[in-house]
Amino acid sequence: MDKEILLDVKGLRASVAGKEILKGIDLTIRKGEVHAIMGPNGSGKSTLSAVLTGNPAFTVDAGSATFNGKNLLEMAPENRAHEGLFLSFQYPVEIPGVSMTNFMRAALNEKRKYLGQEPISASDFLKLMRQKRAVVDLDNKLASRSVNEGFSGGEKKRNEIFQMAMLEPSLAILDETDSGLDIDALRIVAEGVNKLKTDDNATIVITHYQRLLDYIRPDYVHILYKGRIVETGGPQLALVLEEKGYDEIKRKYDNNAAE
Amino acid sequence: MSNPDNNIDANSKILDDVTAADYKYGFTTDIDTDVIPRGLNEDVVRLISAKKNEPEWLLDFRLKAYRHWLTLKQPKWAHINIPDIDFQAISYYAAPVKKDGPKSLDEVDPQILATFNRLGIPLEEQKVLSGMAVDAVMDSVSVKTTHRERLAELGVIFCSISEAVKDYPDLVRRYLGSVVSYRDNFYAALNSAVFSDGSFVYIPKGVRCPMELSTYFRINAQGTGQFERTLIVADDDSYVSYLEGCTAPMRDENQLHAAIVEIIVEDRAEVKYSTVQNWWAGDAEGNGGVYNLVTKRGLCRGESSKLSWTQVETGSAITWKYPSCILAGDNSVGEFYSVAVTRNYQQADTGTKMIHIGRNSRSTIVSKGISAGHSENSYRGLVKIAAKADNCRNHTQCDSLLLSSTCGAHTFPVMQIDNPSAVVEHEATTSKISEDQIFYCNQRGIPDEEAVGLIVNGYAKEVMNKLPMEFAVEAQRLLQITLEGSVG
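Listed in order, the protein sequences are those of chains H and Z. Heads up, the first sequence is in numbering that gives the first Met the number 0, so the first residue is 0 and it goes up one at a time. Heads up, the second sequence is in numbering that gives the first Met the number 0, so the first residue is 0 and it goes up one at a time.
Pulled out of the complex, with its shape left as it was, chain Z reads as follows (with noise of 0.2 Å):
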């Protein structure tokens, strides 16, 4: 059967509409909240750790990091293109006014529940049902933590970043900045500076934690920053696979989000990290939207550890990411798994950097692009192999989906290789939705929406799968519905 030229358009038609739809969870919470003045200088660093009571150490570490912000610029090397953000035009920090600090869900402000549920995250079935220990984190300060009480028997430590740094101070002060340093970047330094929350998990030694541990971030404050610090920790044997997910209201204004997460994997032990992101994206002229200029690393320090990133991106106007792997055990492994959609005017910048430092160390990396409307979507990696890190091993994948004629999808792979004996795969494609595959859906009975949302589930597939159970439907589902939109 031909396919004339002319058909090209109608086809891209479908796509154009089925991935131009709204976003769903555009909305914003009408509760009191403790906002900062805008602005950032050393007074408001030592204003921040004031409210959260903080020992001098951490003023210290903040300082130091405002201070060697100072000397910064914002990077620009990314193939993104970010507005200059008026650092002074922001609100630190902003916290949920409490009460009187709920002891259980009753106690929880009604509103900000209804907003949970409104996302699909009702706290309470959650609780009950999934087995899942829920840190919901609403602007800066956590609301609830359940299953503290189960994961506390086996010395499982899940709790608020702030509530670890009065309980925990030592675990604390020994790991927190120990794989991204103040000094490692712009948004790191700023996020070492002003960080207001974010969590903190301790598995011990032989660990095997029960549940999957997961936190729902969401910025509601008008004009606020978000700066999450999150501080993982798995000692020898353990096992943990920690799950976070993310949306955001609707609005008009750009928020800038610049999160830190640490990851300390020791020997033998075993970290899964899974997000699906969906943070409001702008609207369909490019206005508006979340920038997501975030830190994520891992250290593989022990022989033999492991860490597996999986991400599912949809969200955010900006994405600047990359989850990294240093794996500095011998025989250790670290893996990247990520989808990122982007649609509309969204640009993302994301991938991985996997260092190779111990011997046979292994890491692979599997990342599907998928652009549509006039979006950028880049993948950008370094494979480094270190001169005396004997056979090591890489495989790289990099696929991209091209929605529409008008979007870009690119990749920028970079391959360090000192050492002879290391073995490193780099296997790459591009490839459109055809009309075929559409009319081919069509006569079997399945119309262009589902049509689409079942070829995009079936090329993401491979992600998808390293996803935890729960977490997998609702990707497929989030998946589906960003490419949803108003055909017929």
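Isolated chain H, as found in the complex (with noise of 0.2 Å):
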């Protein structure tokens, strides 16, 4: 029996500075899925996510998104936060003087506002900072420090996914949360997301190469070349993927295009 659809995305189409990036995507992720997105530089991967957690550098020109059954493209950035989308930057933004205890103090009570519930208590807030930095073995110091501020690479990924943690999203996108990171890293990174997996929420894995996908293994593997998804299959498509590179991928569309 299928799972409920979470995201439903139908013929999106954006654009940046004029420049149309996204050119007709079609995607359903339902509840309990691992769906794994790949392509080459400039695909159009990281702009999806972006539009789809709304940033406002990028305009919507076409096409639906559907999240938990309402319209996430008409949400502010921070509503489609609070009803469940996370977003792991791949280049995680440093916000100097601001400690993480208070950042993830007003996300935290800002998603509790949003669903009419009190604001946590210093203590329970505390606790469950200790909780879930153990998720991704992070250090204590890291509460007093600014948020990203002097982090190292796999630090500030780690972070992202110790935020992940705190706010508990029906839908996560790592967007290349694999880039910069060394294996024992990247292990621990992804020892992370796979204790958050629950049959109730979802995941979308943005990256480049196979090496992930050893570790978050996904249900769905999609191509993403020049704004659209060219191929959908199962964890093989990642490895015929690896094996083969994205030559034959561009050779074969690049000539559909031309055609």
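Honestly, the hints are just simulated from the structure, not real lab data. Built from N, CA and C at the ideal position, the CB exists for glycine as well. Please note that a few of the clues may not be correct.
Unchecked claim - Rough simulated footprint, nothing fancy, chain H against chain Z, three-plus residues with beta-carbon under 8 Å:
| hint | segment |
| --- | --- |
| 1 | 422-436 |
| 2 | 442-456 |
To be verified - Sample of chain Z residues at the chain H side, in silico, Cβ under 10 Å:
| hint | residue |
| --- | --- |
| 3 | Tyr439 |
| 4 | Ala459 |
| 5 | Lys460 |
| 6 | Glu461 |
Relying on the hints, combine the two individually framed chains into one complex.
In structure tokens form, the structure reads like this:
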């Protein structure tokens, strides 16, 4: 029996500074699923995550996206977050002077406000921080440090997964979470993601490489090329891609485009 | 992720909206006020002195200052545009009419108490809960002073300067004008001639003042300038933390405020002076607002004495103030921590002077400017090391945060180093809140307004941390409120 649909994207077209990047994306994600989106540089992977999360730099030109049965594209970015959409950024942003504790408490309390709940008590909050830090084996000192400031590449990515653990999203998009990670950090991050996996949530893993998919097993693999999903398959598609590289995809679909 | 140019407009829109909020404390209390007719001449100076039953020496001081003021012109060197002020159109004295002289809070005009309550300054609560002594100044005369007795047991004097003139004439006479002479500058001369009231603090030798001393100033009477005079003396081995906070009601006319704060710090004594200033800054088009033209200076006369200025400035149409330290004593320490926020058409030219005269004297300057809208925000600083001042140190950190593309942030640091053993450092940064930072917050569920508040408070943290605890919370809220707007 098919699980409930979480995200339903139809004919999504989007542009930035007048240049069309996404040229009609169809994507359906159900609870409990892991989807990998692969593709060469410039194919539109990060644009897709930015458009879904409501980054104002991008313009939606056509299509629809329904999340939990609601029109995602009409929601403010913060409300998309409150509804359960989370983006692990490819390049996490530094916010000097704002401690992780204050940042996470603000984020959590905004969500609770949206859901009609009281702000979390200080002691419950600190307990939660401790609990969730363990998911990605993150240092205790993190709490007093400024958001991402002076973090190493690996710490930044672990910090993203830590925030994901805190906010418990129903759909997490991991945008090239593997980039810039050594093999140990990659394993810690991937294990963190797997620990957070349940039958009720879903994950989109955006990556160039098969490597991450050894740790986070996808149910579906999509190949995004020039703003379109050109192929969809099971985990074996990633292996084929790894073997043959993106050149074959390019040859195949560049020729099609030329015809 | 790319950040194309066309997004900058959308982002500035957010910041503009966030930073264009209304002044929340705009109201005028309707109470009987005793106002001297407008205008300034020797007779007015004599009248002020007579109304306050002042001794002859003080009248002389005022008259000398007035005569000197006549020879001066309004200074124009600052990076601010001060309209010509008609000093004859101002009334130089206003006092709430006393019915009988209140002995307890019950006897204070309920309207005045209500005003303070609306400002979030419940005297009763402050008195009982926070352990602060509150010397509340509405217009020019002290309304209520609390905790006097407890302080008196320690020999601490904390009263209005008018009372001090009556009760402690020798102390006042010895120190008044000793740090800021009436000849110092145009506004200092004016203040010395017409000052109405203010606070006097004396901490005796070896006494650590057990509570934060606090004064709330409030401009109220229509068309009345305010000329406070604060004098703080910390005798050998003493310590005091003094808090000053201000708000003003919204009104159309410009209001002149030219205060003087003088601080004397003796051997091994320490004074912390903290200010949160939120006077009306004018409307979104730049009409109205308070002109805050203030001379604040402390003399670290004693060896190993220490003076620390902390200010959070969010209000006033025009700010012209440079809380300074004269580090005369050997091993003396001067500190200046400042957050200055300007938005709409506000202009601020503020900073400090650290004058090193004593050997091994040290100073630290941390200035954080935040500019939004069409405002102009300038840091102006002087670090001077005298020829005989060996082994002095200064570290200056001067940061600017821009919230719009139409505001200005400027720094005018001057260093005069006449001794080769000095170590002087100056660091400066300029930054903008990026759309990436805002979006990162948004994605975690934090809306634009809260995101800007969070980022700005983070930026200013180094200074906020220097404020006394109860003040820091208030100041953080003030920063957020100041930059709050109609987003969404």
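Hint-by-hint comparison with the structure:
Look at the segment 422-436 of chain Z against chain H: 4 of its residues bring a Cβ nearer than 8 Å to a Cβ of that chain, three or more, so the hint holds. Only residues whose beta carbon comes within less than 8 Å of a beta carbon in chain H count, and the segment 442-456 of chain Z has 9; three or more means the coverage holds. The closest approach between the C-beta of Tyr439 of chain Z and any C-beta of chain H is roughly 4 Å, which is under the 10 Å cut-off, so the hint is satisfied. Checking Ala459 of chain Z against chain H by beta carbon gives a least distance of about 7 Å; that is within 10 Å, so the hint holds.
Evaluation of the Lys460 of chain Z hint against chain H yields a held restraint, the C-beta minimum of about 5 Å falling below 10 Å. Against a cut-off of 10 Å between C-beta atoms, the interface hint on Glu461 of chain Z holds, since the closest Cβ of chain H lies about 8 Å away.
Of the numbered hints listed earlier, not one is contradicted by the structure.
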